[in-house]
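J.: For reference, the chains in residue letters:
There are 2 protein chains.
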Amino acid sequence: MQILSFPSRADWPTLMARPVQSTEAIEKAVAPILEQVRTRGDAALAELSEKFDQIAYTGFPVQEADLAAAERQLSDELKTAIQRAYQNIRTFHEAQRQPVEKIETMPGVTCWRRSVGIEKVGLYIPGGTAPLFSTVLMLGIPAQLAGCKEIILCTPSHHPAILYAAQLVGVTNVFRVGGAQAIAALAYGTESIPQVYKIFGPGNQYVTAAKMLVAKEGMAIDMPAGPSEVAIYADETAVPAFVAADLLSQAEHGADSQVLLVSTHKNVVTTVNIALMTQLERLPRRDLAAQAIANSKAILVETQDDAIDLLNAYAAEHLILSVENPEAVAERITNAGSIFLGNYTPESAGDYASGTNHTLPTNGFARAYSGVSLDSFVKKITVQSISQDGIKALGPTIEAMAEAESLLAHKQAVSLRLASLQ
Amino acid sequence: MQILSFPSRADWPTLMARPVQSTEAIEKAVAPILEQVRTRGDAALAELSEKFDQIAYTGFPVQEADLAAAERQLSDELKTAIQRAYQNIRTFHEAQRQPVEKIETMPGVTCWRRSVGIEKVGLYIPGGTAPLFSTVLMLGIPAQLAGCKEIILCTPSHHPAILYAAQLVGVTNVFRVGGAQAIAALAYGTESIPQVYKIFGPGNQYVTAAKMLVAKEGMAIDMPAGPSEVAIYADETAVPAFVAADLLSQAEHGADSQVLLVSTHKNVVTTVNIALMTQLERLPRRDLAAQAIANSKAILVETQDDAIDLLNAYAAEHLILSVENPEAVAERITNAGSIFLGNYTPESAGDYASGTNHTLPTNGFARAYSGVSLDSFVKKITVQSISQDGIKALGPTIEAMAEAESLLAHKQAVSLRLASLQ
Numbered sequence: 001m002q003i004l005s006f007p008s009r010a011d012w013p014t015l016m017a018r019p020v021q022s023t024e025a026i027e028k029a030v031a032p033i034l035e036q037v038r039t040r041g042d043a044a045l046a047e048l049s050e051k052f053d054q055i056a057y058t059g060f061p062v063q064e065a066d067l068a069a070a071e072r073q074l075s076d077e078l079k080t081a082i083q084r085a086y087q088n089i090r091t092f093h094e095a096q097r098q099p100v101e102k103i104e105t106m107p108g109v110t111c112w113r114r115s116v117g118i119e120k121v122g123l124y125i126p127g128g129t130a131p132l133f134s135t136v137l138m139l140g141i142p143a144q145l146a147g148c149k150e151i152i153l154c155t156p157s158h159h160p161a162i163l164y165a166a167q168l169v170g171v172t173n174v175f176r177v178g179g180a181q182a183i184a185a186l187a188y189g190t191e192s193i194p195q196v197y198k199i200f201g202p203g204n205q206y207v208t209a210a211k212m213l214v215a216k217e218g219m220a221i222d223m224p225a226g227p228s229e230v231a232i233y234a235d236e237t238a239v240p241a242f243v244a245a246d247l248l249s250q251a252e253h254g255a256d257s258q259v260l261l262v263s264t265h266k267n268v269v270t271t272v273n274i275a276l277m278t279q280l281e282r283l284p285r286r287d288l289a290a291q292a293i294a295n296s297k298a299i300l301v302e303t304q305d306d307a308i309d310l311l312n313a314y315a316a317e318h319l320i321l322s323v324e325n326p327e328a329v330a331e332r333i334t335n336a337g338s339i340f341l342g343n344y345t346p347e348s349a350g351d352y353a354s355g356t357n358h359t360l361p362t363n364g365f366a367r368a369y370s371g372v373s374l375d376s377f378v379k380k381i382t383v384q385s386i387s388q389d390g391i392k393a394l395g396p397t398i399e400a401m402a403e404a405e406s407l408l409a410h411k412q413a414v415s416l417r418l419a420s421l422q
Numbered sequence: 001m002q003i004l005s006f007p008s009r010a011d012w013p014t015l016m017a018r019p020v021q022s023t024e025a026i027e028k029a030v031a032p033i034l035e036q037v038r039t040r041g042d043a044a045l046a047e048l049s050e051k052f053d054q055i056a057y058t059g060f061p062v063q064e065a066d067l068a069a070a071e072r073q074l075s076d077e078l079k080t081a082i083q084r085a086y087q088n089i090r091t092f093h094e095a096q097r098q099p100v101e102k103i104e105t106m107p108g109v110t111c112w113r114r115s116v117g118i119e120k121v122g123l124y125i126p127g128g129t130a131p132l133f134s135t136v137l138m139l140g141i142p143a144q145l146a147g148c149k150e151i152i153l154c155t156p157s158h159h160p161a162i163l164y165a166a167q168l169v170g171v172t173n174v175f176r177v178g179g180a181q182a183i184a185a186l187a188y189g190t191e192s193i194p195q196v197y198k199i200f201g202p203g204n205q206y207v208t209a210a211k212m213l214v215a216k217e218g219m220a221i222d223m224p225a226g227p228s229e230v231a232i233y234a235d236e237t238a239v240p241a242f243v244a245a246d247l248l249s250q251a252e253h254g255a256d257s258q259v260l261l262v263s264t265h266k267n268v269v270t271t272v273n274i275a276l277m278t279q280l281e282r283l284p285r286r287d288l289a290a291q292a293i294a295n296s297k298a299i300l301v302e303t304q305d306d307a308i309d310l311l312n313a314y315a316a317e318h319l320i321l322s323v324e325n326p327e328a329v330a331e332r333i334t335n336a337g338s339i340f341l342g343n344y345t346p347e348s349a350g351d352y353a354s355g356t357n358h359t360l361p362t363n364g365f366a367r368a369y370s371g372v373s374l375d376s377f378v379k380k381i382t383v384q385s386i387s388q389d390g391i392k393a394l395g396p397t398i399e400a401m402a403e404a405e406s407l408l409a410h411k412q413a414v415s416l417r418l419a420s421l422q
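Chains as they are written, first to last, in the numbering used here: chain D, 1 to 422; chain W, 1 to 422.
Only chain D is shown next, with the shape it has when bound in the complex (with noise of 0.2 Å):
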């Protein structure tokens, strides 16, 4: 880790920069990816996942035999485990059912939100070195529990965890595709899959090309995406070796995954950096860490009013607050995806199964985006119901503001309601 002392305000914007990454040419290259799945479907996507994947795309979902098979190959703990983590999700996201409350604004006057599931939802996961079956979880526990009717999971993965998990959060149908021909069968359907009206998880550079384009033509997407990060703030409560091994869960994900560490503290920093040492030796993925650890920093700070500030600047995807009173610092955190208090709070637990959902805004878009959550996967369709008194009463108000708004047929629409009542 780079360790900076102290660096003033005026550099913390160039300090926390992450990494631009040019979309231009990917984009160039995802174009006519989409374009060929959008105008030829079934027989474009066969082409494209032997090309890019080596798949043979069969144009069918995976089949029953297939599914129970897969759950035969898991050995019983990691059964347990997946079944552990799915209750766990389940009961943080059920909490999240907002009921529908009648609001009177006026007398006569009743407006409500009435929250309806997605109809039909695509999920995405990657195939790559890890087999991400906990995401498949985090996207289809809120899809299941928000009542969408068709969940379409797309992955080039042959994991067995995979159509486990997908069994049990009840996903319709699995198709064996990947990349960004995936994301185009989502977004405008093929003779097999079924067009959706929202996709969500994580992916390549080109899958998260794939997903912005469609966006850009009004297609819903979970969140834009970026490398994984962590930012751990560590005083002399903390301890080292942990605060080290979280740093390193990160760094695995990739050479360009971000980890920082935030410290009032020199000795924290000195402590932490050797036993991040120590346990990178012993790291099978140790290459992709060590690249992602050597860009990373340490950051020096005077105060607490300092480290918070920088937090906030920074809006990291996980934020580890490994400090005395890591509640209250919380209270005063205004950007990140999600917040782990304490010394016995891994990111891992949040990853896999605390309870709370792994899809978080990465790059600095926790700025202004939230995490998945049950509010990913519903529409909430506001609906209002006027008695007579209610429109007598209103009325007025509206006329008043439509003619002042030039729209003569907005007010005439009350007009002709309170003429009717006088």
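Hints listed in this document are in silico derivations from the structure and should not be mistaken for laboratory results. Some hints here could point you the wrong way.
Short derived list, chain W residues pointing at chain D, Cβ under 10 Å [claimed, not checked]:
no. : residue
1   : Ala95
2   : Val378
3   : Gln388
Straight line, CA to CA, 27 Å or less: simulated DSS-like cross-link-like pairs of lysine-lysine [unchecked claim]:
no. : chain 1 : residue 1 : chain 2 : residue 2
4   : W       : Lys79     : W       : Lys149
5   : D       : Lys380    : W       : Lys120
6   : D       : Lys216    : W       : Lys216
7   : W       : Lys120    : W       : Lys149
8   : W       : Lys266    : W       : Lys297
9   : W       : Lys28     : W       : Lys216
10  : D       : Lys380    : D       : Lys216
11  : W       : Lys149    : D       : Lys380
12  : D       : Lys120    : W       : Lys216
13  : D       : Lys392    : D       : Lys102
14  : W       : Lys102    : W       : Lys297
15  : W       : Lys216    : D       : Lys28
16  : D       : Lys149    : W       : Lys380
17  : W       : Lys380    : D       : Lys216
18  : D       : Lys297    : D       : Lys266
19  : W       : Lys120    : D       : Lys216
20  : W       : Lys102    : W       : Lys380
21  : D       : Lys79     : W       : Lys149
22  : W       : Lys28     : D       : Lys216
23  : D       : Lys380    : W       : Lys380
24  : W       : Lys28     : W       : Lys51
25  : D       : Lys216    : D       : Lys149
26  : D       : Lys120    : D       : Lys149
27  : W       : Lys102    : D       : Lys102
28  : W       : Lys380    : D       : Lys102
29  : W       : Lys28     : D       : Lys28
30  : W       : Lys79     : D       : Lys392
31  : D       : Lys149    : D       : Lys380
32  : W       : Lys120    : W       : Lys380
33  : W       : Lys102    : D       : Lys380
34  : D       : Lys120    : W       : Lys28
35  : D       : Lys120    : D       : Lys380
36  : D       : Lys380    : W       : Lys216
37  : W       : Lys216    : W       : Lys120
No experiment lies behind these values; they were computed from the predicted model shown. C-beta atoms are modelled at their ideal positions from N, C-alpha and C, and glycine is treated no differently.
With chain D fixed as given, assemble chain W onto it according to the hints.
T.: Coordinates of chain W only, in the frame set by chain D:
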């Protein structure tokens, strides 16, 4: 209106298709505007404002004296109306606050969500024929309730009601600038206009294209936009003159407004059409409205089930249910922006003053998007705290899942903690 009697379900998608607008040419025109403002700031704003809007961009926000003058220019009647609307909108949005609820997902594992206002938001209010001060209320009130620290309003309009509403909602600064260049200023910041984290508000095709382009770069926006639209489902309990007035109040927004009438009764369609023609003649904006009406459709269906299926397939921005038992019908609506029940609930109530938000998903986006609400101005940050007993109970679950995903540093972050507790 074109009257279509009992079209087959196979023909519905074509009947209900929105006009597809090619955005490519507009994006090509807008991209250099964004780039100029991004690289040259206020100098570019001044040039572009002069060129497109014949406004001299001063580089200063609207001053106190101008705000005070605006208030003096409004009639007491209009001020009272705006205050009444403010109160109702505030009451409805205030009820959308979600209290923090700590969930113990298992013993010793506590998770919750905190709602935090987005620190800096930008509101755009277009110029043009209708001075949309009502939109200042619809965007500014939830921003104010959310506790957004900076609320920046850009508008080319000089209408005093816009400045009056801006003061009511606590806008930080108003800048006199419009078009794609205003969106660019909010997205990138200039010497005079602060960069914001989320951009809201309606506009012409250039403004919409600018919002979609900055969204592709990760900027948060309210939602994608298209022409405004209403669908009305009417039976023989509907008052034809009211239905006609509601159709026209949508149609007067512009020639591209979408208007759809659905009924199971031919005589309802006939009598509404007669009332429509009579009322149209009296409208000052009759040319715009007549064009929109000419492009609009009345669809006769066999049964209530057909009507509901058709309305759900259309996913209207505004849906008026002028039918018997409208609340029961509303329960079966899965796709709509906002629903208006019965004969005395005109769309213009929700447009101005009943309390609901009028920034709603158009163009079928209601399948996945909600209208603007308090939620649109907050991020929800998840927080978790795990005790020593909690990590002992949950740890093995995390270890098993991390190992199965080949993320061994994630596992190690737990194993180290468990070892320390033995």
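J.: Determine for every hint whether it applies to the structure shown.
T.: Quick rundown of the hints versus the structure:
1. Ala95: At 5 Å from the nearest chain D Cβ, W:Ala95 passes the 10 Å test, so the hint holds.
2. Val378: holds (8 Å)
3. Gln388: Nearest chain D Cβ about 5 Å off; hint holds.
4. W:Lys79 - W:Lys149: Holds. W:Lys79 to W:Lys149 sits at ~26 Å (cutoff 27 Å).
5. D:Lys380 - W:Lys120: Roughly 24 Å between the alpha carbons, so the hint for D:Lys380 and W:Lys120 holds.
6. D:Lys216 - W:Lys216: holds (6 Å)
7. W:Lys120 - W:Lys149: holds (6 Å)
8. W:Lys266 - W:Lys297: holds (13 Å)
9. W:Lys28 - W:Lys216: holds (15 Å)
10. D:Lys380 - D:Lys216: Measuring from Cα to Cα gives roughly 22 Å; hence the hint holds.
11. W:Lys149 - D:Lys380: Measuring from Cα to Cα gives roughly 26 Å; hence the hint holds.
12. D:Lys120 - W:Lys216: holds (23 Å)
13. D:Lys392 - D:Lys102: holds (20 Å)
14. W:Lys102 - W:Lys297: violated (51 Å)
15. W:Lys216 - D:Lys28: It holds: about 14 Å lies between the C-alpha atoms, which stays within 27 Å.
16. D:Lys149 - W:Lys380: Cα-Cα ~26 Å, so holds.
17. W:Lys380 - D:Lys216: Holds, because 24 Å separates the two Cα atoms, which is no more than 27 Å.
18. D:Lys297 - D:Lys266: Distance of about 13 Å is within 27 Å: holds.
19. W:Lys120 - D:Lys216: holds (23 Å)
20. W:Lys102 - W:Lys380: Status holds; Cα separation ~14 Å.
21. D:Lys79 - W:Lys149: violated (47 Å)
22. W:Lys28 - D:Lys216: holds (14 Å)
23. D:Lys380 - W:Lys380: Holds, at roughly 17 Å.
24. W:Lys28 - W:Lys51: Within the cut-off at roughly 17 Å; holds.
25. D:Lys216 - D:Lys149: Measuring from Cα to Cα gives roughly 25 Å; hence the hint holds.
26. D:Lys120 - D:Lys149: holds (6 Å)
27. W:Lys102 - D:Lys102: This hinted pair holds, its Cα atoms lying about 25 Å apart.
28. W:Lys380 - D:Lys102: Holds, at roughly 24 Å.
29. W:Lys28 - D:Lys28: holds (15 Å)
30. W:Lys79 - D:Lys392: Judged against 27 Å, a Cα distance of about 19 Å means the pair holds.
31. D:Lys149 - D:Lys380: Holds - the C-alpha atoms of D:Lys380 and D:Lys149 are around 16 Å apart, at most 27 Å.
32. W:Lys120 - W:Lys380: Distance of about 16 Å is within 27 Å: holds.
33. W:Lys102 - D:Lys380: Answer holds: W:Lys102 to D:Lys380 is near 24 Å, not above 27 Å.
34. D:Lys120 - W:Lys28: violated (33 Å)
35. D:Lys120 - D:Lys380: It holds: about 16 Å lies between the C-alpha atoms, which stays within 27 Å.
36. D:Lys380 - W:Lys216: At roughly 24 Å apart (the allowed maximum being 27 Å), W:Lys216 and D:Lys380 satisfy the hint.
37. W:Lys216 - W:Lys120: holds (19 Å)
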